[in-house]
Amino acid sequence: MAYWEPIRALGEAPLVKPGSSLKDVTHEIARVTETPAPRGWWLAFGLASMFAGIFALSVAYLFYRGIGVWGNTAPVYWAWDITNFVWWVGIGHAGTLISAILFIFRQKWRTAINRFAEAMTIFAVICALIFPGIHVGRVWVVYYMFPLPNQMSLWPNFKSPLIWDLFAVGTYFTVSLLFWYTGLIPDLATLRDRSTNKLRQRLYGFFALGWRGSNRHWRNYERAYLILAAISTPLVLSVHSVVSMDFATSVIPGWHTTIFPPYFVAGAVFSGFAMVQTVLLIARSVFKLDRVVLMRHLELMNKFLLLTSLLVGYAYSMEFFIAWYSGNEYEMTHFLHNRPQGPYWWAWLWMVIPNCVFPHLYWFKRFRTSIPVMFVVSILINIGMWFERFVIIVSSLNRDFLPSSWGLFRPTIIDVSTFVGTIGVFFTLFLLFMRWLPMVSMTEIKGTMAQADPHWHGKDEHAKEPAAEGGLVPEGAE
Amino acid sequence: METQTRSGRPDERRVPTIIVAEFDTARDVLHAAEKVRDAGYQRWDTHTPFPVHGMDRAMGLDDSRLGWIVICCAVTGLAGAVVMMHWMNGIDYPLIVGDKPGGAPGALPSMVPIIFELTVLLSAFGAVFGMLGLNRLPQHHHPVFGSDRIRAATDDKFFISIEADDPKFDVDKTRALLEKAHASYVEVVEEDAS
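These protein sequence lines are chains U and S, in that order. Residue numbers for the first sequence follow my numbering, so the first one is 1 and each next one is one higher. Residue numbers for the second sequence follow my numbering, so the first one is 1 and each next one is one higher.
I should point out that these hints are in silico values taken from the structure, not numbers from a laboratory. Take every hint as true, because none was put in to throw you off.
No farther apart than 25 Å at their CA atoms in a straight line, the calculated lysine to aspartate or glutamate pairs in the DMTMM-like style are these:
hint, chain 1, residue 1, chain 2, residue 2
1, U, Lys-198, S, Asp-156
2, U, Lys-288, S, Asp-155
3, S, Lys-173, S, Asp-28
4, U, Lys-159, S, Asp-92
5, U, Lys-198, S, Asp-155
6, U, Lys-159, S, Asp-99
7, U, Lys-23, S, Asp-24
8, S, Lys-180, S, Glu-34
9, U, Lys-23, S, Asp-148
10, U, Lys-23, S, Asp-156
11, S, Lys-180, S, Asp-156
12, U, Lys-198, U, Glu-34
Excised from the complex, chain U in its bound form (with noise of 0.2 Å):
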């Protein structure tokens, strides 16, 4: 059964521009890999594996004196840490969306950016697992959040949320990487089969682990990339809910809501949309992808956001609401007092303006549809959804219940570096992926043309009806 079946039969314009042959896509993809990198590349490797090496001095530098060289102080004992965690958790899921939610929908755009959201994920989760790994204190006694036998035998407690999250994450994280992997397999065939030099044709064969395209073999493996897409959609509505718990099951004060698991994931969705926005931008700049992620995949993606944002605000107004109508005086002095005018008030506009304000920019083409509007405006969701996390988690510990027990948060150097550092981490590997493997799904990709069609007889038929379809029109906007 072919579950991507010819585009047309859809109604979906093409994917890649009328009159390229299934030879035009291996080419196009494969030959990142195998051609030396543009200079673009080197530059923005050289700076992204800098600031990794600035992360791993700073984890060195905390695992030497302790969590104290962060500003992580009573009452606000989590702070960056966690704000980091949930903000690069977030990041993934819009990759888990794109490839397992919009392949259910059928939605065959998304098979220019899937690869490249997928990985995404898995770089964003990587970054996101390391802060409650390095938060713990001692380090060395990481495994008892595992439920592994041990000398005290104690086990973990299942009842709380913290280990909860452990099992979200790291399932989340085996999965995505499957997913990923398996949708690699042919497409690490095809660079093995296409490779002139011995290790090319020795690495990329292993991992393409014989692939030889049979048919008795697609059988299953569509099978499969079905029941993972199946498995991934709620795995990926669950994650960011059991998050959410993290918090919501506590009693301070913006934190002890309901609506926390959907905002959660709307607002993870959101800025994973925007994370890929910007790294996809860069990419396709960088290494002229233009031919295969049009400018039609780009404005489906503004139009996300735009979706994403109005959930968020909507999120963001019914706390307010919440807060006033349940009459409950910490609620009314926490959202009405202080997130707006407390000691955070410019965080909560950091909040506020980059990610209800910004994206109403995409009700009108002409944004929807210029390159320098969208960059400009996903690095300012990435900011402002950073922002939501430091809200949430340092204002509403800054001032709990009783006045004596409030106190306020400071970023130290190091903090400020670990963080930064983490960016670095997520883009070394974002580019040596990038360099090393299809950025796009070429199987998927040739799976959607006409050419895959048992009835196609030979020529292309969109050649000769490009305007009648939108996803043709010339990008003017570059």
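Starting from the structure of chain U, add chain S where the hints point.
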């Protein structure tokens, strides 16, 4: 007709292992597969750069059995999670939080997230490793790789391969069948008799 001679010793006795036929379009390979199926071959396959719609029917294949493997893994994950939490927090080291012994029915809501996650985790293992198992992968050596042309099967060409082990296999008849089915190129892959 060209034949592959990999060893460079054409005088040596060589036996065919597999016949590989190349096609230019998905349409050609689909119709050729129908002909090979109707001719009654068993040990044969098609090699395509992407799954061709309708090929399972053209090859006379039944539905994938992967779903059964995955459901078994899912049930194992679900049961394993319940047993693990019940034993760890309820039996081995009872942990009573909120007046509810861990793993008891009253603690069930708090067990839902981990039950769900482990069910998903084991299903994913079942889907990926079950798929590799059913496909007998990794398998880096296969007679079909004896052909150089087959490399295009991961690029832009479509192939049918018929193994010499097939009871109906006969070099000349099989080749004739594939040529009649509009193959653009047919190759007999041979290896040294031993």
